[in-house]
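Chemist: Read off the chains here:
2 protein chains.
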Amino acid sequence: MTAVGAAVSAERVVGWQRRMDAIGATANGGVHRLALGDTDLEARAALIEWAQARGYDVSTDAVANLFITRAGRDADAPPVLCGSHTDSQPYAGRFDGMYGVLAAVETLQALDDAGIETAVPVTAVVWTGEEGGARYPVGTLGSSAFTGRRTLDETLGFKDADGITLGEAVRAAAPGMVGLRQRPLGFPIKAYVEIHIEQGRVLEEAGLAVGIVSGIQGMRRMAIEVVGAEAHSGTTPRRHRRDALQDAIDIITDLRAMCMDDEDAIRFTVGKLSVYPNAASVVPGRVSFVVDLRHTDRDTLERLVAAFAERVKAHAGACTATATMLATTTDPLDFDAGLVAQAEGVAQALGLPTMQLVSGANHDAGPIAGVCPQTLMLFIPCRDGVSHNEAEHAEDEHLVAGTRVHAQLVADLASA
Amino acid sequence: MTAVGAAVSAERVVGWQRRMDAIGATANGGVHRLALGDTDLEARAALIEWAQARGYDVSTDAVANLFITRAGRDADAPPVLCGSHTDSQPYAGRFDGMYGVLAAVETLQALDDAGIETAVPVTAVVWTGEEGGARYPVGTLGSSAFTGRRTLDETLGFKDADGITLGEAVRAAAPGMVGLRQRPLGFPIKAYVEIHIEQGRVLEEAGLAVGIVSGIQGMRRMAIEVVGAEAHSGTTPRRHRRDALQDAIDIITDLRAMCMDDEDAIRFTVGKLSVYPNAASVVPGRVSFVVDLRHTDRDTLERLVAAFAERVKAHAGACTATATMLATTTDPLDFDAGLVAQAEGVAQALGLPTMQLVSGANHDAGPIAGVCPQTLMLFIPCRDGVSHNEAEHAEDEHLVAGTRVHAQLVADLASA
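Which chain is which? The protein sequence lines are S and A, in order. So for the first sequence, our numbering puts the first residue at 163; every next one is plus one. So for the second sequence, our numbering puts the first residue at 163; every next one is plus one.
Extracted from the complex, chain S is given alone in its bound form (with noise of 0.2 Å):
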């Protein structure tokens, strides 16, 4: 079947789209749009105000996620969840978590216009607070509260940079929701569904509009520092310097090296290096960096960072190194390969090509698929892989026909 995949309209996919763009747009073409600040719940607003006057339930819970309801023939069944996040990374992109909001939306819309009633209910989800390192220190903030992965009260008190708590900022937000039916955290679900871009080349260089995917990487992150002496640039030698940087330089040197995998499938990073005292003519006393390292395997994720605690901890030079494991760490997942299957078929049928591809960036279909086996990701393509940035770029057509996989996809799962 795929005549709700069909009843998908592009005009008013587009046309989302587009009404979204404006809402915390920058000079740039991109957006702002910060959790749970001024545009983040404009955004909402736009979302309450369309689904309340269509007449859907629309409902939300203690850290502010958003819930809209079509009904299916049994009322309290566990519903097929289908959504993203509305909230971006500072001046970022305009697709990145809206997109997949939007589908939702568009396929609430076209299970209406294909007049079809689904056997349990099929809900459009908001998440709170997707992007970590923006306007709170992790992400995930709504999605991992609802799993129950973090406590209430540990995701309520993160700070923003002016020290307000998630939880003012969602008490901040209620005149939004006033009339909302409040639901517990953790309401049963049967399945659920999530398309985003993709934030990088693979469907592009692919060719192709949509595509499966089969799991997420997962990460560790490990924290090295390298203790030396600061000393007079012009006045020591050599032989009695311990200089911080030359040792960080060849710390990471080896461990790059040992990232060097034919299939360039592990994602190993240093994106955070600070030097002390950062002064021309003092030779580095200290220098602290952070390994981003992520993979699709969990065993070997294991391997590599036994192998760079090894290397620290052997380390020979004039500088003491240290490594520190940091929290913010996932196991690389797979989605369920019957639905990954399922969703094949459902692309086949409605003439679109795929291909399966793993997700290198987590998501909020990481938190569920913990406590939900029926979780998967679609993919769309973005231009040159550009994302969290106000260039990011996805083509109206990508949008389009990921859109009706979605639909399809959600439709089969709530009426099965």
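Hints may contain errors.
[Claimed, not checked] Subject to a maximum C-alpha distance of 25 Å in a straight line, what follows is the list of computed SDA-like cross-link-like pairs (lysine to any residue):
| hint | chain 1 | residue 1 | chain 2 | residue 2 |
| --- | --- | --- | --- | --- |
| 1 | A | K475 | A | R448 |
| 2 | S | K321 | A | R448 |
| 3 | A | K321 | S | N440 |
| 4 | A | K352 | A | L495 |
| 5 | A | K352 | A | T164 |
| 6 | S | K321 | S | D200 |
| 7 | A | K321 | A | K352 |
| 8 | A | K321 | A | T201 |
| 9 | S | K475 | S | V533 |
| 10 | S | K321 | A | N440 |
| 11 | A | K321 | S | K475 |
| 12 | A | K352 | A | S577 |
| 13 | S | K321 | A | A441 |
| 14 | S | K321 | S | T486 |
| 15 | S | K352 | S | Q214 |
| 16 | S | K475 | A | D412 |
| 17 | A | K352 | A | V533 |
| 18 | A | K352 | A | A237 |
[As the list claims (entries may be wrong)] Covered, in the sense of this in silico footprint (three residues per stretch, anywhere, with C-beta under 8 Å from a C-beta of chain S), are these stretches of chain A:
| hint | stretch |
| --- | --- |
| 19 | 372-384 |
| 20 | 448-458 |
[To be verified] Computed spacing ranges between beta-carbons, pair by pair:
| hint | chain 1 | residue 1 | chain 2 | residue 2 | range |
| --- | --- | --- | --- | --- | --- |
| 21 | S | R401 | A | G319 | 38 to 44 Å |
| 22 | A | S436 | S | A419 | 20 to 26 Å |
| 23 | S | P346 | A | T484 | 57 to 63 Å |
| 24 | A | T327 | S | E472 | 54 to 60 Å |
| 25 | A | D324 | S | G369 | 55 to 61 Å |
| 26 | S | A419 | A | G507 | 43 to 49 Å |
| 27 | A | G319 | S | A385 | 41 to 47 Å |
| 28 | S | T188 | A | Y438 | 18 to 24 Å |
| 29 | A | T188 | S | R545 | 55 to 61 Å |
If you're looking for bench data, these hints aren't it; they were derived computationally from the structure. Ideal placement from N, C-alpha and C gives every residue a C-beta, glycine not left out.
Mind docking chain A on chain S? Use the hints.
Modeler: Same frame as chain S, now just chain A:
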């Protein structure tokens, strides 16, 4: 003759040093005496009071250099100058600069005690603002203005972190200099002697109390910027990355390899390096760093700088790299060989074994040597070579031994 060297009073030398240690003293045993700041002016006031009480002529100039003159037979003859500076780096050591001023002060008094009338005047000098990057962005302010290496306008126009120009600071210091004779910049001088802590470990390792400085290293600074592309650390495969930190590391590694001389005479330092945007989850899009290169030989500096520029220009990584020479360069200089030999003779006559060594840091003697061929520096050891640090330490016996050589050499130069 060793009468003046022998007349040096250990008690006075150490007493002056302890008195000055207390002016701007820090909790960790160092001093904080920024150029023409309160504590620097307090130190100068103590010197002026002492000089006036003893009947020496005290004078100043347009950049607040301070001159204390003991008359000679020919009152109008160009004097022998000796001294250093009273300002310090922030929270730095007690001996850097100040010791050279106190040795000059003791030299005047030892001449008195020995009952010597010199042929020409002997002038103890305090040069304004020797420490670059402390209160003002560049150093040797007073000596460079004195010699015309920098114009008066440029010198007085430098601003501190609060936007206060050196000109304003000089005017603010005027109340402490009321009644002092005003002299033109760059009056003729017969010779210049400056004694300083070594800020390295050569004398300490050789077990010597005094060293004769044969010259000052030259310095070149090059700013290198590497521009790649910011990318998501989770989604961007190696083949698509343009990692600015990786390319910066490759360049630094290559430049460093060019500096591995057997003599360990080349001073190659990357002390300042910044990563943008400096986030763990973002492949660095830009890295900038400064190469500080020092050597005693101008040709070596020029050869290395050309090789560095060539390496950067030929950079074949994924990123682009550009190199810019910075204006803070100095050429190496050799002090007059005859004067070096004369100083060795003075030390020998005083029973103090010495060696020749090169200064890794620039000093006021650098600019002065440009206008006065009879310029020389002497060094005493400092513990572990530590300087620009509150832990800086020099032994009392070395302070005294150095002052004996300094006083006798100055006396001989002023008597010839």
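Chemist: Among the hints numbered above, which are violated by the structure, and what are their numbers in rising order?
Modeler: 2, 7, 9, 11, 26
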